[in-house]
Amino acid sequence: MLDFDDIQHILLTRAPALNGRYVFVSFRDAEGGRAWLSTLLETVHSARAMRESVARDRRWVTLAFTWNGLRALGVDEASLATFPDEFKQGMVARAEILGDTGENHPEHWVDGTASPELHAIVILFARDAEERARCVAQHDELLARHESVRVLSTLDLEATPPFDYAHDHFGYRDRLSQPVIEGSGDVPTPGSGGFIKAGEFILGYPDESGPGPALPQPEILSRNGTFMAYRRLEEHVGRFRSFLREHGQTPEEQELVAAKLMGRWRSGAPLVLAPERDDPALGADPQRNNDFGYKEQDPHGYAVPLGTHIRRMNPRDTAANMSRRRMIRRGATYGPPLPEGAPDDGVERGIAAFVICASLIRQFEFAQSVWVNDKNFHELGNERDPIIGNQDGTLEYKIPKRPIRKKITGLPAFTSVRGGAYFFLPGLRALRWLAALGRAPS
Amino acid sequence: MSNTSKKPDWSKPAAMALPKGGYFPNRVEQGRYGPIFPKTPANYGFTIIAKIIPGREPAFYEYAQRIEKAVADAPDCLAVLKLHYLRWVLFPIKGETYFMYQGIFDTDFDKYTEDAVAIFTSTGLRTVFENLEGFPEDWQTNPAAFARFVREHQCPSFLEYGEYPFVSADEIKKALALKASFSTMLDQMQ
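Chains as they are written, first to last, in my numbering: chain W, 1 to 442; chain H, 1001 to 1190.
No wet-lab data here; the hints were simulated from the structure. There may be inaccurate statements among the hints.
[To be verified] Chain H residues, not near chain W, derived (Cβ > 10 Å throughout):
1. Lys1020
2. Glu1029
3. Arg1032
4. Gly1055
5. Gly1103
6. Asp1115
7. Thr1141
8. Asp1187
[What the hints assert, rightly or not] Calculated lysine-lysine pairs in the BS3-like style (CA-CA distance at most 30 Å, straight line):
9. H:Lys1020 <-> W:Lys375
10. W:Lys375 <-> W:Lys401
11. W:Lys398 <-> W:Lys375
12. W:Lys398 <-> H:Lys1094
13. H:Lys1174 <-> W:Lys407
14. H:Lys1179 <-> H:Lys1082
15. H:Lys1051 <-> H:Lys1094
16. W:Lys398 <-> H:Lys1174
17. H:Lys1051 <-> W:Lys406
18. W:Lys406 <-> H:Lys1020
19. H:Lys1069 <-> H:Lys1174
20. H:Lys1173 <-> W:Lys401
21. W:Lys375 <-> H:Lys1173
22. H:Lys1082 <-> W:Lys406
23. W:Lys406 <-> H:Lys1173
24. W:Lys197 <-> W:Lys295
25. H:Lys1082 <-> W:Lys407
26. W:Lys407 <-> W:Lys295
27. W:Lys398 <-> H:Lys1020
28. H:Lys1094 <-> W:Lys295
29. H:Lys1069 <-> W:Lys295
30. W:Lys295 <-> H:Lys1174
31. W:Lys398 <-> W:Lys295
32. W:Lys407 <-> H:Lys1051
33. H:Lys1012 <-> W:Lys295
34. H:Lys1069 <-> W:Lys407
35. H:Lys1174 <-> W:Lys375
36. H:Lys1069 <-> W:Lys398
37. H:Lys1012 <-> H:Lys1179
38. W:Lys295 <-> H:Lys1082
39. H:Lys1174 <-> H:Lys1082
40. H:Lys1179 <-> W:Lys407
Beta carbons: idealized from backbone N, C-alpha and C, even for Gly.
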């Protein structure tokens, strides 16, 4: 049975938000950090509270900490040592493994997340900009009372119009394929792969291989918590649209090029089920838009090229042990939309997302190194993920086609990493435990 | 990440001398569980040498029978490891028995460490390692400990040779399938 009263809402639910803000903070001293936390934790919804009040609530708050942040709050060295190595090292130290090299290297990150002084993140999702402004003002008041909590940076999230479905700045429909945790009460859509054991996403539960690994100590800190990889990905919309124009003569051809990079039409319709032309009704239908495989339906990639984003991020029936590699994705777009036909304005826009999993090394880092950035994924020889892979202009992209495949050389980078970090997302009891550290037991 | 973008000529046999320790100091690639041994004309590989727990030899011969059956029953049970060959050897040093496990494959071992652990559990490959001195008791839930044991007992090559360098098992299988298709085509042309 999942402890819905203890698990932070973001793990199990998605807030119906159009706006948001991420606040990255650093603690100058433990006492001040804990005082700030004591107040702020009262605003954090558990999964149960979120579900019960989602219709009337207008904002949702999540709190998470880096390993340095746990230390800064006063967690002792013996406990800190029990956390997994990759979390202790942090995303910056793992840059080469993640493919964060060249233009994506942490030295180019813009938001202070590469700093060892990054201690915590406050994630605010709000129904609208007005509610966000109210919450920001309230948090600013709290910060004014706690000078030892310093804001390293903030990022405002804005849904991209039209608002009737979630999509990124490139126009791709998002949130189509999410794993469903056994016991969560949710039901997987057809093709989404069945229920996954809770231990794959939440610490303290059996996972797909058995009882689960040893918990970081003390258990009150780790149980019902999990790990979270943050990625701020700039989307180069102007470059992306130029590429489509370069490789497609007509709007229809350009749509097909976009689909051949993603594996889905921008409407969300999967190429496996709609190989020739777009089918927006299919794209919008959750009962059908994820119901496909590759092994039998498209083994050679004639519909979905072998190196597409969706084939790399979820190889479905063409990879072993898929249930051990699933991840929960949350997040939102940031920056203003670039109007169709407008030249690139140099303003940063993109996706700021969280990948939530019980093991960063086995789930997130595996996906980054073996699926996203392995040049030889599916024996492709010289490719990386065309959407989020590390592209330096020297790689290619192959689109299988009879009689002869199309090969694009010198694929440009459509995205760049602009920030990132590993966080621990504690349960609510753990948040209270952290806030009370150093206080004499009553 | 593997750097496999280079396309060496498979028709030209090649040898590669490797520095002591197995890594080229100025280009060590980092994997999730530590540094990755370089790809050579004989692709990736490992040579694990470890002392067996005294008196456990029979377990190794039982294990051989079990693996033969596991592969016969499910020929693709090891597919994820992208193997060419595996060799298992027992040999004595000063009256004590040692075990050598040598594999040649197409991916760096780091990539599929967790999958290897899963295969060890599901196929019974596990039993042989459990008869080695120092093998971590919690290996099933601790891939890092498993990877550490493998790394600590890895004896890197100082020289490797490939008659058809850098060619993957998948490429060889594709070439053989193509050859078979051509034979069929020629038969149909008669």
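Now for the hints, and whether the structure bears them out:
| no. | hint | in the structure |
| --- | --- | --- |
| 1 | Lys1020 | holds (24 Å) |
| 2 | Glu1029 | violated (8 Å) |
| 3 | Arg1032 | violated (5 Å) |
| 4 | Gly1055 | holds (29 Å) |
| 5 | Gly1103 | holds (17 Å) |
| 6 | Asp1115 | violated (5 Å) |
| 7 | Thr1141 | violated (5 Å) |
| 8 | Asp1187 | holds (23 Å) |
| 9 | H:Lys1020 <-> W:Lys375 | holds (28 Å) |
| 10 | W:Lys375 <-> W:Lys401 | holds (21 Å) |
| 11 | W:Lys398 <-> W:Lys375 | holds (12 Å) |
| 12 | W:Lys398 <-> H:Lys1094 | violated (56 Å) |
| 13 | H:Lys1174 <-> W:Lys407 | holds (20 Å) |
| 14 | H:Lys1179 <-> H:Lys1082 | holds (22 Å) |
| 15 | H:Lys1051 <-> H:Lys1094 | holds (12 Å) |
| 16 | W:Lys398 <-> H:Lys1174 | holds (18 Å) |
| 17 | H:Lys1051 <-> W:Lys406 | violated (53 Å) |
| 18 | W:Lys406 <-> H:Lys1020 | violated (44 Å) |
| 19 | H:Lys1069 <-> H:Lys1174 | holds (26 Å) |
| 20 | H:Lys1173 <-> W:Lys401 | holds (22 Å) |
| 21 | W:Lys375 <-> H:Lys1173 | holds (20 Å) |
| 22 | H:Lys1082 <-> W:Lys406 | holds (27 Å) |
| 23 | W:Lys406 <-> H:Lys1173 | holds (24 Å) |
| 24 | W:Lys197 <-> W:Lys295 | holds (24 Å) |
| 25 | H:Lys1082 <-> W:Lys407 | holds (26 Å) |
| 26 | W:Lys407 <-> W:Lys295 | holds (23 Å) |
| 27 | W:Lys398 <-> H:Lys1020 | violated (39 Å) |
| 28 | H:Lys1094 <-> W:Lys295 | violated (52 Å) |
| 29 | H:Lys1069 <-> W:Lys295 | holds (26 Å) |
| 30 | W:Lys295 <-> H:Lys1174 | holds (17 Å) |
| 31 | W:Lys398 <-> W:Lys295 | holds (19 Å) |
| 32 | W:Lys407 <-> H:Lys1051 | violated (51 Å) |
| 33 | H:Lys1012 <-> W:Lys295 | violated (34 Å) |
| 34 | H:Lys1069 <-> W:Lys407 | violated (43 Å) |
| 35 | H:Lys1174 <-> W:Lys375 | holds (19 Å) |
| 36 | H:Lys1069 <-> W:Lys398 | violated (40 Å) |
| 37 | H:Lys1012 <-> H:Lys1179 | holds (21 Å) |
| 38 | W:Lys295 <-> H:Lys1082 | holds (18 Å) |
| 39 | H:Lys1174 <-> H:Lys1082 | holds (14 Å) |
| 40 | H:Lys1179 <-> W:Lys407 | holds (25 Å) |
The structure fails to meet hints 2, 3, 6, 7, 12, 17, 18, 27, 28, 32, 33, 34, 36 from the earlier list, while all remaining hints are met.
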